[in-house]
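**Q** Protein chains in written order, with this note's numbering: chain P, 6 to 123; chain A, 106 to 344.
Any given hint might turn out to be false.
As the list claims (entries may be wrong) - DSBU-like mimics (lysine-lysine), calculated; alpha carbons at most 30 Å apart, straight line: (1) 117/P x 36/P; (2) 75/P x 269/A; (3) 111/P x 31/P; (4) 117/P x 31/P; (5) 111/P x 36/P; (6) 303/A x 145/A; (7) 75/P x 153/A; (8) 303/A x 75/P.
Everything labelled a hint here was simulated from the structure, so no lab data went into it.
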Amino acid sequence: MTIGNPMMYVGAVGLIMIGLFTVLSKRNLIKIIVGLTLLDTGVNVLLIAIGYIHNRTAPIVTRTYTDPTKMVDPIPQALVLTAIVIGLGVTALALALAIRVYGHYKTLDTRKIRGLKW
Amino acid sequence: MRAFVSFSVLALIVVGLALSLSHIPFGNSTANTDRMHVAKYYLNNGVKDTGAPNLVTAVVLDYRALDTLGEVTVLFIASLGLGIFLSWPKKEGSEDDDKRGLPPASLIVRRGSQFLFPLILLFGGYIFLHGHLTPGGGFQGGSVIASAFLLMFLGNTGYRLRQKTLAVTESLAGITFVIIGLIGLGVGGYFLNNFLPKGSVFALFSAGVIPILYAAIGLKVGAELAGIVANMFGSGSEG
């Protein structure tokens with residue numbers, strides 16, 4: 006069990022934990038959505054960090070830079086590209102729902118919204 | 106109680122993640138390179154197979170183009186759902202979106218945003234047209250285009266977007282994506298086959314269908330995100 010330089014992992018897991026804690030413990034819908042975005046960002050950073058390899062750069066071939074053994078794994082980057090877009094869609098939809106909830110209940114507090122008790 | 110339960114859940118997840126991540130040393134070249142089975146193929150043959158020097162684009166729009174179609178669909182459904190949620194009939198005279206009493210922005214803000222608007226659109230177009238050559242692509246370019254519309258909404262009180270134009274752009278771009286996929290199915294035997302000639306690497310018109318697909322994605326994402334912004338501002342006109 007070797008642990009190289011885990012700072013990227015610590016940062017990513019820290020973001021995930023902050024987001025998850027916000028989602029679990031806050032009662033304001035907007036704060037919960039902010040927590041979801043943090044969670045999303047943390048997962049993206051974690052995926053990119055897993056794909057990173059020392060002394061390698063972005064998987065983009067140029068005229069002077071053609072050595073495939075000097076490039077990082079392109080698959081996590083493609084996955085994260087997908088995840089960012091879907092995270093954006095989820096956030097937008099969640100905000101729209103929050104707007105409708107506020108319009109109906111006149112509050113964003115989950116304790117005061119009937120049927121959303123934890 | 107609630108905080109205690111949250112912290113215990115978090116502690117469990119932290120321990121689990123730490124245990125699994127300790128087997129993936131960060132940036133370790135030998136261990137990680139040995140694990141890259143598929144990626145090695147992409148890195149070695151990507152440019153030859155797809156003609157796209159940006160290998161992330163090669164993965165997104167050639168090897169895994171079907172997944173990208175699904176992703177575009179997810180974004181479409183999200184924007185559709187947002188439109189449906191926000192356009193439910195409001196109560197009579199509860200809030201008139203046009204007359205929220207916002208004063209018009211100052212001359213500098215208005216003219217500045219109008220001056221920057223076409224330049225940002227141009228930059229977005231540049232990003233998605235060069236998606237197969239440089240960092241960037243349809244999603245990033247589309248987001249830049251939507252940010253231009255956001256700037257217009259912020260800088261010009263009462264700015265409106267024609268939802269019909271957005272819908273037409275979005276639908277045409279989506280149909281283009283699917284039709285190119287179907288042509289690939291007819292010509293090459295599988296959906297989203299890269300049937301056009303690859304051209305010379307590093308040229309703008311190279312990599313077969315990838316620039317066309319990325320242009321379609323860029324327009325579609327731009328239209329969808331601009332529609333989301335318009336709905337959030339509550340000023341999308343019906344006509």
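**Q** Going through the earlier hints one by one, which of them does the structure break, listed in rising order?
**A** Hint 2 is the one this structure does not satisfy, whereas the remaining hints hold.
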